[in-house]
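S.K.: Sequence:
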Amino acid sequence: METNISVIIIDDHPIVLQGFTYVLQDIAYIQLLGTFITASDGLEFLAQQAVDVVLLDINMPDMNGIHACQEIVRRHPASKVLAISNNNEASIIQRMLQSGAAGYILKNAATEELLACIKSAMRGETALSTTIQEIRKNTETGELPMVTRREKEVLHLLAQGLTTPEIAEKIFVSPLTVESHRRNLLQKFRVTNSASLVHKATELRYI
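Mapping of the sequence shown onto the working numbering: position 90 corresponds to residue 90, and the numbering continues sequentially without gaps.
It is possible that part of the hints are untrue.
[As the list claims (entries may be wrong)] Within a straight-line C-alpha distance of at most 27 Å, the following computed DSS-like cross-link-like pairs (lysine-lysine) qualify:
id: 1; residue 1: 137; residue 2: 200
id: 2; residue 1: 119; residue 2: 107
id: 3; residue 1: 107; residue 2: 170
id: 4; residue 1: 119; residue 2: 137
No wet-lab data here; the hints were simulated from the structure. Predicted model, so just to flag it, every value in this text is computed and none were measured.
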């Protein structure tokens, strides 16, 4: 028999709260103690009730997720914070983990992944959904290229099938400048043509 795990959810999107509630309420070993639409409400509840796992949206209206995570960890070190988000940027993931989060889960993760992450957090492990694990692995092995804002813009337009002259007209630069950005992107992603560039950028979730 599995030990009960108490959980609260802090997210300002009602549909997300409903979705997580629907998933967790039928799990025998999960004790869902409450849902909150602001970080302040969640912190107020935590001041009165011990909670094993806090599912925390990283974008809250009253407090950003990093600050909220830091506050929860500081005031309630026994509680494990699992960040929940649709944001898969490596820098954001890293900042949440550095702020004391026990893990990071994409909101579209399968139920099995969510439950596995909750259990991992309770064991003191870093709990990451599969997609986040891949992103972290790519970052650590240097496979995630650093691209500039303009290069990312060119990348998105290439993915839409635009030609060099069309991109140049769209972003108000010369075709030579676009070609320079494209060559830089090919080099950074270690590919030799635009089709491979778009494919790899999509795999690494730049697009």
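S.K.: Next, verify each hint and record whether it holds.
M.R.: Cross-check of the supplied hints:
no.	hint	in the structure
1	137 - 200	holds, 15 Å
2	119 - 107	holds, 17 Å
3	107 - 170	violated, 34 Å
4	119 - 137	holds, 21 Å
Consistency note: the structure conflicts with earlier hint 3 alone.
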